[in-house]
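Peer 1: Spelled out from the first residue to the last, the chains are:
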Amino acid sequence: MSKIIEKEIVIKNKLGIHARPAALLVQLANKFKSEICVCKDSEVVNAKSIIGIMTLAANYGSRLKIKAEGPDAEDAIKALVQLCNDKFGEK
Amino acid sequence: MKKRGILVSEFFEHLKEKLSLRLIAGKHGLSNRITVAELNRPGLALAGYTDYYASQRIQVLGKAEISYLNNLSSEECSRRLRSVFSNKVPCIIIARRIKPPVELIKVANEKAIPVLRTHYMTMKLINKATIFLEDRFAPAITINADHVEVFGVGILILGKSGAGKSETALGLVSNGHRLIADDIVKLKLTEAGFVVGEGSSMTRHFMELRGLGIINVQTLFGVGSVKERKKVELIISLEQWDPNKEYERVGIESEYKSLLGIKIPHLTIPVRPGRDIISLVEVAALNYRLKKLGINPALELNNRLLEVMKNKAFGGSSV
Chain A
-10 MSKIIEKEIV IKNKLGIHAR PAALLVQLAN KFKSEICVCK DSEVVNAKSI
40 IGIMTLAANY GSRLKIKAEG PDAEDAIKAL VQLCNDKFGE K
Chain B
2 MKKRGILVSE FFEHLKEKLS LRLIAGKHGL SNRITVAELN RPGLALAGYT
52 DYYASQRIQV LGKAEISYLN NLSSEECSRR LRSVFSNKVP CIIIARRIKP
102 PVELIKVANE KAIPVLRTHY MTMKLINKAT IFLEDRFAPA ITINADHVEV
152 FGVGILILGK SGAGKSETAL GLVSNGHRLI ADDIVKLKLT EAGFVVGEGS
202 SMTRHFMELR GLGIINVQTL FGVGSVKERK KVELIISLEQ WDPNKEYERV
252 GIESEYKSLL GIKIPHLTIP VRPGRDIISL VEVAALNYRL KKLGINPALE
302 LNNRLLEVMK NKAFGGSSV
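Read top to bottom, the protein sequences are chains A and B. By my numbering, the letter at position 53 of the first sequence is numbered 42, and the numbering carries on one by one without gaps. To convert, count from 1 in the second sequence and add 1; that's my numbering.
What the hints contain is simulated information worked out from the structure, not anything from laboratory work. Heads up, some of the hints might be wrong.
Said to hold, decoys possible - In the EDC-like style, the derived pairs of lysine to aspartate or glutamate whose C-alpha atoms are separated by at most 16 Å in a straight line are:
#1 A:Lys(-8) x A:Glu24
#2 B:Lys161 x A:Glu63
#3 B:Lys189 x A:Glu63
#4 A:Lys1 x A:Glu32
#5 B:Lys187 x A:Glu32
#6 B:Lys161 x A:Glu58
#7 B:Lys89 x B:Glu14
#8 A:Lys56 x A:Glu79
#9 A:Lys20 x A:Glu63
#10 B:Lys107 x B:Glu77
#11 A:Lys22 x A:Glu63
#12 B:Lys89 x B:Glu111
Claimed, not checked - So the derived list for chain A, only partly shown, Cβ under 7 Å to chain B, looks like this:
#13 Ser38
#14 Ile39
#15 Ile40
#16 Met43
#17 Thr44
#18 Lys54
Virtual Cβ for every residue (Gly too), placed ideally from N, Cα, C.
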């Protein structure tokens, strides 16, 4: 059984997760075999789906939880947290 | 765990315009929680009979209740209101824009119970508020799927990321069927006991296709190609063809999948290059409709087979 890894992140880029950051996040998530989901409040969406990520409308300062389950869950979480902390290459 | 129910403030905000509600007292109680979808008219309780009085419900005061209160002496009125409007009452709604007795305003402020007023008649108000509350209280889940209407049948398409759910839905739309939601489907259990699916208001009728990006199905294919919500009548799971797995070959017995506690017919369609999934989904929809009419082709063929074999056993001529 692979365990579930969970990590909370805060959106730090001013514009929030709009199309470009969403695409980056989804592309990165798709590199991993694990099942990855992103939760905001009571909403849970698949991290590998851009429509899903955009549904969250995660603005600046919102808190998200990333959960991953699978063989490379740990690497996936590490990479996704890094991407958010780098503000998706934005301001 | 999310707390059950909704806040009075949320109820007020959502129905403010629809019911032209105004807050006239007890604003400190806007954070009270409404935990049940029913409303109550506290006539009997105000008259003194409090057995089975549903204090946790929203209390509705109409012409009868208010005129009864107006007929009481001021002390008696306050006493009755205090005993009936305990801290459990989430809020009070007054119908027909009737002016309530001052005692009611006083007690409501004292106990922090918001008092809302509308110009609607009592029954109209109860109907509208119940519809809103029942929708809010319906058990719901959000899942990763595509929801389409094919020949009038609501089909939920499940499958892993990359299984071809969106492509199948797109193919169905270009064949003249309708899209309800791509990728994210909110499922709700209705009072009537069936599951209804709809898209998220944020991304409704948008779709992502690998290689193309995001498209808007409604503007591309026209308003007739989309629908807001639809009952889930059939579930189809797409999965990679697995040579070691046994797939349904006959179809006499139906397989079901449970959604929000409701059993829904379920088919698994294995995907491999050269299989036209769109046609298979269309045929599945038509076959579902036939079965609903009481026609089961697998059963029909089997009955024919049994008949022929019976005749042979009795020495009849072969067909």
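Peer 1: Now tell me if each hint is right for this structure.
Peer 2: Results for each hint:
1. A:Lys(-8) x A:Glu24: Distance ~11 Å between Lys(-8) of chain A and Glu24 of chain A Cα, so the pair holds.
2. B:Lys161 x A:Glu63: violated (21 Å)
3. B:Lys189 x A:Glu63: violated (34 Å)
4. A:Lys1 x A:Glu32: violated (20 Å)
5. B:Lys187 x A:Glu32: With a Cα-Cα distance of about 10 Å, the restraint between Lys187 of chain B and Glu32 of chain A holds, given a limit of 16 Å.
6. B:Lys161 x A:Glu58: holds (14 Å)
7. B:Lys89 x B:Glu14: violated (21 Å)
8. A:Lys56 x A:Glu79: Given that 16 Å is the threshold and the Cα spacing comes to 24 Å, the pair is violated.
9. A:Lys20 x A:Glu63: Roughly 13 Å between the alpha carbons, so the hint for Lys20 of chain A and Glu63 of chain A holds.
10. B:Lys107 x B:Glu77: Answer holds: Lys107 of chain B to Glu77 of chain B is near 14 Å, not above 16 Å.
11. A:Lys22 x A:Glu63: With Cα atoms ~11 Å apart, Lys22 of chain A and Glu63 of chain A stay inside 16 Å; holds.
12. B:Lys89 x B:Glu111: holds (13 Å)
13. Ser38: Interface hint status for Ser38 of chain A: holds (5 Å vs cutoff 7 Å).
14. Ile39: holds (5 Å)
15. Ile40: holds (4 Å)
16. Met43: holds (6 Å)
17. Thr44: Status holds, d = 5 Å.
18. Lys54: violated (14 Å)
Of the hints listed earlier, those the structure fails to meet are numbers 2, 3, 4, 7, 8, 18, in rising order.
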